[in-house]
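Same order as they appear, the protein sequences are chains A and B. Going by UniProt numbering, 84 is the number at position 84 of the first sequence; the sequence numbering is gapless. Going by UniProt numbering, 97 is the number at position 97 of the second sequence; the sequence numbering is gapless.
In short, the hints are calculated from the structure, not lab data. Be a bit skeptical, because a hint or two may be false.
A pair counts as met if it fits within one copy or between any two copies, since identical chains are not told apart.
Derived DSSO-like pairs (lysine-lysine); straight-line CA-CA distance at most 30 Å [unchecked claim]:
| no. | residue 1 | residue 2 |
| --- | --- | --- |
| 1 | Lys151 | Lys55 |
| 2 | Lys179 | Lys151 |
| 3 | Lys7 | Lys33 |
| 4 | Lys7 | Lys148 |
| 5 | Lys151 | Lys7 |
| 6 | Lys151 | Lys57 |
| 7 | Lys33 | Lys57 |
| 8 | Lys57 | Lys179 |
| 9 | Lys148 | Lys179 |
2 protein chains.
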Amino acid sequence: MGITERKERERQEVRSLILEAAQQAFIEDGYEKASIRAIADRVEYSPATIYLYFKDKSEIFFAVHELGFEKLINQLLDAVEGIENPIEKLRQQGYAYMNFALENPEMYDLMFIQNAPMEAIFENEEWVCGHRCFEHLCDTVQQCIDNKLIKISVLGVATMSIWSFMHGLVSLKIRNRFKTFPQEHIQNLMSASVEQMIALLQND
Amino acid sequence: MGITERKERERQEVRSLILEAAQQAFIEDGYEKASIRAIADRVEYSPATIYLYFKDKSEIFFAVHELGFEKLINQLLDAVEGIENPIEKLRQQGYAYMNFALENPEMYDLMFIQNAPMEAIFENEEWVCGHRCFEHLCDTVQQCIDNKLIKISVLGVATMSIWSFMHGLVSLKIRNRFKTFPQEHIQNLMSASVEQMIALLQND
DNA sequence: TTTTTTTAATGAACAGTGTTCATTACTTTT
DNA sequence: AAAAGTAATGAACACTGTTCATTAAAAAAA
Chain A
1 MGITERKERE RQEVRSLILE AAQQAFIEDG YEKASIRAIA DRVEYSPATI
51 YLYFKDKSEI FFAVHELGFE KLINQLLDAV EGIENPIEKL RQQGYAYMNF
101 ALENPEMYDL MFIQNAPMEA IFENEEWVCG HRCFEHLCDT VQQCIDNKLI
151 KISVLGVATM SIWSFMHGLV SLKIRNRFKT FPQEHIQNLM SASVEQMIAL
201 LQND
Chain B
1 MGITERKERE RQEVRSLILE AAQQAFIEDG YEKASIRAIA DRVEYSPATI
51 YLYFKDKSEI FFAVHELGFE KLINQLLDAV EGIENPIEKL RQQGYAYMNF
101 ALENPEMYDL MFIQNAPMEA IFENEEWVCG HRCFEHLCDT VQQCIDNKLI
151 KISVLGVATM SIWSFMHGLV SLKIRNRFKT FPQEHIQNLM SASVEQMIAL
201 LQND
C-alpha cells in the first residue's frame with residue numbers, strides 16, 4: 001500500500017516546487033510584484049492550483065520567510081566559526097547580519113519588515129524560526145555577560161538593544177531613509193556605527 | 001482679475017480636503033486599506049477626480065507623510081522645551097520619538113517604513129521634511145559633543161547610531177517582531193533599553 | 001475489464017486595486 | 001446667447017487575491 005505514500009511524496013514535491021518559485025519571484029521582483037499569478041506562471045500551473053497547496057498568500061510568504069531564516073542562521077553560524085572571544089563573535093555576527101540584509105534586501109524585508117508572514121502565525125502560536133535565530137544572539141550576549149565583557153548585565157535589555165540597533169541600521173538603509181546622510185558616506189558610516197556600538201558596549 | 005486667484009484658492013481647498021480624507025483613511029485603516037476609492041468616498045468625489053489634484057497614490061502618501069513630520073517635529077520640540085542639559089534633551093527626544101511611533105503606528109509606518117512616499121521623490125530631489133526632522137537630532141547631539149557629554153565625537157556616527165537604535169526599537173515593535181520577548185515585559189524592556197543606551201553613550 | 005469513487009487541476013468568475021480617457025456638466029469669456 | 005475653457009465623472013483596462021463548479025486523470029471496486 002505504498003500508493004498513498006507516493007502520492008504524499010508527489011504532493012510535497014509540487015509544494016516545494018511552488019515554494020521555490022515563490023522564493024525566486026520574491027527575490028527577483030519583491031513583495032509587491034510577486035503575485036499568485038506570477039508564481040503560478042513560473043511553475044506552469046493555474047493560479048487556482050496554488051490554493052490546493054497553500055491556504056493563502058500569507059502562508060506562502062511565511063514558508064518563504066522560513067527559508068530566509070535558514071540561510072541567515074547558517075551565515076550567523078559561519079561567521080563565528082572558530083572564534084573564541086565573545087566580543088569578536090558579537091562583532092562578526094553583527095556584520096553577518098548586516099551583510100545578509102544588504103545582499104538580500106527583499107528577503108530581509110519579508111523576514112523583519114513586512115506584516116504578511118506574521119499574519120500567518122496564529123494568536124497563541126510561536127514564531128519558531130524567529131526564536132531559533134534570536135537564540136544565537138542570546139548565546140553570544142550571554143557569553144559576553146558571563147565573562148564581564150560588556151557593560152549591560154541584563155540579557156533581555158542587551159539583546160533588545162543590539163538587535164534594535166542592527167535592525168534600525170539596515171532597515172533605514174533598505175527603505176532609503178538615509179538620504180539625510182551624504183550618499184557616498186553611508187556605507188562607511190554604517191560600518192563605523194557598528195564599531196562604535198561595540199566600543200560603547202565593551203567593558204574597559 | 002481676482003477670478004483666477006479665487007479659482008486657485010478653491011483648488012487648494014479641494015486639495016487639502018482630499019489630503020485630510022487621505023490622512024484619516026490612512027490613520028484609521030492603514031496603508032493597505034486606504035485605497036483611492038476609499039479616499040474618494042470620504043470627500044464624496046469620483047475616484048477620477050483625485051487624479052486632477054494628485055499625480056498618483058505615491059504623491060498623496062508623500063503629502064500625508066509630510067503632515068506626519070510636522071506633527072513629529074512639534075512633539076520633538078515640545079519635549080525639550082525648557083530643558084538645558086543636552087543629555088536630558090536627548091533622552092526626552094528619544095521618548096518623544098518612541099511615543100509618536102507607538103501612538104501613531106500607521107503614520108510612523110508611512111514616514112519611516114513604507115516605500116511609497118520615497119518613490120514620490122525624484123532622483124536628485126531632497127527629502128525636505130526628513131532633513132528638517134533630522135536636524136533636531138543633529139542639534140541635540142552636537143550640543144552633547146560640544147559639552148563633551150557623550151563618548152562619540154563624530155556627529156554622523158552618533159546620529160546614525162542613535163536614530164538606528166530608536167527606529168529599530170519602535171519598528172520591530174510595530175511590526176510584531178518582539179514575539180521573541182515575553183509579551184508582558186516588552187514595554188518595560190523598551191524603556192530600559194533607551195535608558196541603557198543613554199547610559200552607554202554618556203561620558204563618565 | 002468495466003464501472004464507480006476519489007483526487008487533482010483548471011477556467012471562469014467575483015470583488016477589489018490604481019489609473020486613464022472620452023464624455024458630460026458647469027463657468028467664464030466673448 | 002454662443003463659444004471657449006474648466007471641472008467632474010462613468011466606464012473601462014489591466015491588474016490583484018480568492019473561490020467554486022466543472023473537467024480530466026488516477027485508483028478502487030465491481
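So, going through the hints one by one against the coordinates:
no., hint, in the structure
1, Lys151 x Lys55, "neither (47 Å within a copy, 52 Å between copies)"
2, Lys179 x Lys151, "between (32 Å within a copy, 25 Å between copies)"
3, Lys7 x Lys33, "neither (32 Å within a copy, 40 Å between copies)"
4, Lys7 x Lys148, "neither (56 Å within a copy, 70 Å between copies)"
5, Lys151 x Lys7, "neither (57 Å within a copy, 64 Å between copies)"
6, Lys151 x Lys57, "neither (44 Å within a copy, 47 Å between copies)"
7, Lys33 x Lys57, "both (13 Å within a copy, 17 Å between copies)"
8, Lys57 x Lys179, "between (33 Å within a copy, 22 Å between copies)"
9, Lys148 x Lys179, "between (38 Å within a copy, 28 Å between copies)"
Checked against the numbered hints above, the structure violates hints 1, 3, 4, 5 and 6; every other hint is satisfied.
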